[in-house]
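Trainee: So the sequences go chain by chain: U and X.
Our numbering puts the first residue of the first sequence at 10, with every later residue one more than the last.
Our numbering puts the first residue of the second sequence at 15, with every later residue one more than the last.
Treat the hints as calculated values from the structure; they're not laboratory data.
Treat each hint with caution, since some may be false.
To be verified - Label-pair ranges, simulated between beta-carbon atoms:
# : chain 1 : residue 1 : chain 2 : residue 2 : range
1 : X       : 16        : U       : 38        : 31 to 37 angstroms
2 : U       : 23        : X       : 67        : 46 to 52 angstroms
3 : U       : 10        : X       : 80        : 29 to 35 angstroms
Glycine included, each C-beta is placed from N, C-alpha and C at the ideal position.
Below are the chains, spelled out letter by letter.
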Amino acid sequence: GDSVTQMEGPVTLSEEAFLTINCTYTATGYPSLFWYVQYPGEGLQLLLKATKADDKGSNKGFEATYRKETTSFHLEKGSVQVSDSAVYFCALWGSNYKLTFGKGTLLTVNP
Amino acid sequence: GAGVSQSPSNKVTEKGKDVELRCDPISGHTALYWYRQSLGQGLEFLIYFQGNSAPDKSGLPSDRFSAERTGGSVSTLTIQRTQQEDSAVYLCASSQGQLADYGYTFGSGTRLTVV
Numbered sequence: 010g011d012s013v014t015q016m017e018g019p020v021t022l023s024e025e026a027f028l029t030i031n032c033t034y035t036a037t038g039y040p041s042l043f044w045y046v047q048y049p050g051e052g053l054q055l056l057l058k059a060t061k062a063d064d065k066g067s068n069k070g071f072e073a074t075y076r077k078e079t080t081s082f083h084l085e086k087g088s089v090q091v092s093d094s095a096v097y098f099c100a101l102w103g104s105n106y107k108l109t110f111g112k113g114t115l116l117t118v119n120p
Numbered sequence: 015g016a017g018v019s020q021s022p023s024n025k026v027t028e029k030g031k032d033v034e035l036r037c038d039p040i041s042g043h044t045a046l047y048w049y050r051q052s053l054g055q056g057l058e059f060l061i062y063f064q065g066n067s068a069p070d071k072s073g074l075p076s077d078r079f080s081a082e083r084t085g086g087s088v089s090t091l092t093i094q095r096t097q098q099e100d101s102a103v104y105l106c107a108s109s110q111g112q113l114a115d116y117g118y119t120f121g122s123g124t125r126l127t128v129v
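Turn these sequences into a full structure, and let the hints guide you.
Mentor: So this is what it looks like as structure tokens:
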């Protein structure tokens, strides 16, 4: 079945540091890939998405590229801010019409 | 409404009691999903509705869990004879159509604590 594996946290960075959160997936067919973010005390929000191989999703300075050859969708940001502190979830939508999520990665950015 | 609304936002219940969690999706969204978020477990799929029908109930953890949706709108998740392991945040999401195009919109969740 479909599955998503993302790097375990927590990840702690200083402001303006470079961020990478790794995500790999297993799925049949050609899934769509997503990153969701959950800020403290809030619900999940869609951060970015990519629907086919080599697509790059981007939003709020975050980027992720759909790599079919490595079955990966790593999240990156060049310079993180304190306000980026949140839990980040990688997810895929495959052939069974529902989102399958990774376990989440807690990011803390210190000033 | 403007977003997905869930109630109550917090619920503390005694072990063995029944609870009902409510989800009010975005108007016009035909698909509705329930997930459970537990510490260290990520998001666990529970059930999916398309209109009032539930083509996929595969994620319901036991027969103590049930859900219904009426009028293609509001959904209720019922947990009977609650156990401590049911403590979690229960999230509802709705979607307008093909997920790849529209994505899910999540509610803020109901935090259930069974004591």
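Trainee: Given the hint of 29 to 35 angstroms, check if residue 10(U) and residue 80(X) actually sit that far apart at their C-beta atoms.
Mentor: violated (24 angstroms)
Trainee: Please test the hint of 46 to 52 angstroms on the beta carbon pair from residue 23(U) and residue 67(X).
Mentor: Taking Cβ atoms as reference, residue 23(U) and residue 67(X) lie about 50 angstroms apart, which means the hint holds.
Trainee: Does the Cβ distance between residue 16(X) and residue 38(U) fall inside 31 to 37 angstroms?
Mentor: Taking Cβ atoms as reference, residue 16(X) and residue 38(U) lie about 34 angstroms apart, which means the hint holds.
Of the numbered hints stated above, the single one contradicted by the structure is hint 3.
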